[in-house]
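Visitor: For chain Z, the structure is supplied; the task is to place chain Y on it using the hints.
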Amino acid sequence: MSIDLKTIKHIAKLSRISIDDKKAKELEKDLNSIFEFIEALNKVDTKKVDPLTSIAETSLKLRGDEVKTKNIREQILKNSPEENKDFFVVPKVVE
Amino acid sequence: MSDIINLTLSALINKIKKKELSSREITNAYITRAEKSKNLNTYITTDFENAIEKAKKFDEKGNFNYKLPGIPLAVKDLFCTNNLKTTAGSKILSNFIPSYESTVTQHLWDEGAILLGKLNCDEFAMGSSNETSFFGNVESPVGKKVVPGGSSGGSASALAGKLTPATIGTDTGGSIRQPASFTGTVGLKPTYGSCSRYGIVAFASSLDQAGPMTQDVSDAALMLDVISKYDTKDSTSVNFKRGDYFKSLSSNIKGKKIGIPKEYRVDGMPKEIENLWQDGITLLKKLGAKIIDISLPHTKYALPAYYIVAPAEASSNLARYDGVKYGYRSEGENLISMYENTRSEGFGDEVKRRIMIGTYVLSSGYYDAYYLKAQKIRRLIKNDFDEAYKSVDVILTPSTPSSAFKIGDKTDDPVSMYLNDIFTVPVNLSGLPAISIPAGKDKNNYPLGLQLIGKAFEEQNLLNISYSMEKELSFKNNLQDWWIK
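Protein chains in written order, with our numbering: chain Z, 1 to 95; chain Y, 1001 to 1485.
Just chain Z, same shape as in the assembly (with noise of 0.2 Å):
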């Protein structure tokens, strides 16, 4: 198999990163290498197989809904890209 410009296209929307037609042109030649190296698992039965979802099998602890920070407010907004006091801004959404 291989994977055309059209789909990099869409795999790079479907990932949010824009790119012009030169950087999809290389993107297509790597991604095509690497997926013909990964195309080795075919030859694989694993029908029978369970797939392994996580090493430390175990189900997850409950713990209870406290809060135990203290109030970080202000340092979380400091980081925000675009400045104001109370919110995190973006481009307008609604008309």
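Since the hints were derived computationally from the structure, they do not count as laboratory data. Heads up, a few of these hints could be off.
What the hints assert, rightly or not - For lysine-lysine, the following DSBU-like pairs were computed, each having C-alpha atoms within a straight-line distance of at most 35 Å:
no.: 1; chain 1: Y; residue 1: K1144; chain 2: Y; residue 2: K1410
no.: 2; chain 1: Z; residue 1: K22; chain 2: Y; residue 2: K1241
no.: 3; chain 1: Y; residue 1: K1091; chain 2: Z; residue 2: K68
no.: 4; chain 1: Y; residue 1: K1257; chain 2: Y; residue 2: K1241
no.: 5; chain 1: Y; residue 1: K1254; chain 2: Z; residue 2: K23
no.: 6; chain 1: Z; residue 1: K22; chain 2: Y; residue 2: K1410
no.: 7; chain 1: Z; residue 1: K78; chain 2: Y; residue 2: K1057
no.: 8; chain 1: Z; residue 1: K29; chain 2: Y; residue 2: K1262
no.: 9; chain 1: Y; residue 1: K1091; chain 2: Z; residue 2: K92
no.: 10; chain 1: Y; residue 1: K1254; chain 2: Y; residue 2: K1455
Note that the structure is a prediction, hence the values are computed from the model and not measured.
Guide: Same frame as chain Z, now just chain Y:
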């Protein structure tokens, strides 16, 4: 002062406890050396002024019973440090200041250690040569224009170059062991679930594990004592009975059963690596261990499976970098184009490649063919180890299929770069502990490492066997300090 930087971590701790050295003297020695070693590009962020303040305070009223009393340490820039910039080697986090501390670094400070600064690494720990960092290549003290390995390349370089007495890295597919092998240092990847992942910038959550990088095996045991603890903030942290690793170190390994997997004898492996492995086997026999030939038949599928599982998890983990709450932002005419431009400019090529691979294998119509298939292969790889451990205690392999290479040698071909991790990746897929110890040198005088892989949660066995080997190997890096200015 040159004496200070030549001491191991355990030796420094003894000197501090006996008051033969102060924390300030030690901290100053490492800072002075770091300032002369800028050529290596090991640091992304330094915190030297605060380190000196903390050292002063420690000397005045520090607790000398701590495990790391007044010891200055630099750590990989993948660990979030409260109030100190944490970049993960990426432009997208180049201005990120965490409001919390990672659990493992907190353990270091709780035992008296002092933060020197944050060490360079491949972007989001994706790389095997430290060439994907937004902050530039790291050079290895081992040779000019030589890569230190990756992704914990800055950590390995800083340790080998004696800019920090010990350090911690993270290992998703070999990122502690491969750079340790390339730089003649010791690197331990603990069992998945031993060291908390809380506060470590996530790459592939089912594989990521933090661990010590040190000058010798005793130091690795000491660091493991400090960082291996159960943590309720990490849902995959395991509450098992941890050993007293440093105190329990023993070089008596008589009767231990060592497995030698035939599948690790790969095509094109240099003769010197083959010889290194053979010498390791001979040494273990001499030390009283029993050598047993074993088979891990699915080994060759580990790397392709890893390049589905790791990118899939990475594409999910890295979805959070969207330019809204923190990190770099680029402008766009609407919300979607702001996301797309931010991620396009904020991530480097290797990270974008892996996000795209991950997005593809998880996308509708391909999930079963790739992701599910890889998880099934992962089960087969783990089963191979389970089967082998019915007859052996640990497994001995080379750490890497080659010694360190030159900067730029492998950047054009992603697959040739990925092949570096051929011996380390199966361990992460199976969640096992493994250590790389320096065991010899190649014709260029670059270090070569041997890897010991243990049963889950049996780090003590690994440490003891490598401790006994280390004594006999008496490896010396003999670096010429060529980078000092």
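Visitor: Are the Cα atoms of Y/K1091 and Z/K92 separated by 35 Å or less?
Guide: Holds - the C-alpha atoms of Z/K92 and Y/K1091 are around 25 Å apart, at most 35 Å.
Visitor: Is Z/K29 close enough to Y/K1262, meaning Cα to Cα at most 35 Å?
Guide: holds, 34 Å
Visitor: Y/K1144 and Y/K1410: Cα distance at most 35 Å?
Guide: Holds, at about 16 Å.
Visitor: Does Y/K1091 pair with Z/K68 here, judged by a C-alpha cut-off of 35 Å?
Guide: OK: Y/K1091 and Z/K68 at ~31 Å, within 35 Å.
Visitor: Please verify whether Y/K1257 and Y/K1241 have alpha carbons no more than 35 Å apart.
Guide: The given pair, whose Cα atoms are some 23 Å apart, holds under the 35 Å limit.
Visitor: Does Y/K1057 lie within 35 Å of Z/K78 when you go C-alpha to C-alpha?
Guide: holds, 30 Å
Visitor: For the pair we were handed, Z/K22 and Y/K1410, check the Cα-Cα distance against 35 Å.
Guide: holds, 21 Å
Visitor: Under the criterion that the straight-line Cα-Cα distance not exceed 35 Å, is the pair Y/K1254, Z/K23 satisfied?
Guide: This hinted pair is violated, its Cα atoms lying about 57 Å apart.
Visitor: Sort out whether Y/K1455 lies within 35 Å of Y/K1254, counting only the CA atoms.
Guide: holds, 18 Å
Visitor: What's the verdict on Z/K22 and Y/K1241, does the C-alpha distance respect the 35 Å limit or exceed it?
Guide: violated, 54 Å
In summary, the numbered hints that this structure violates are 2 and 5.
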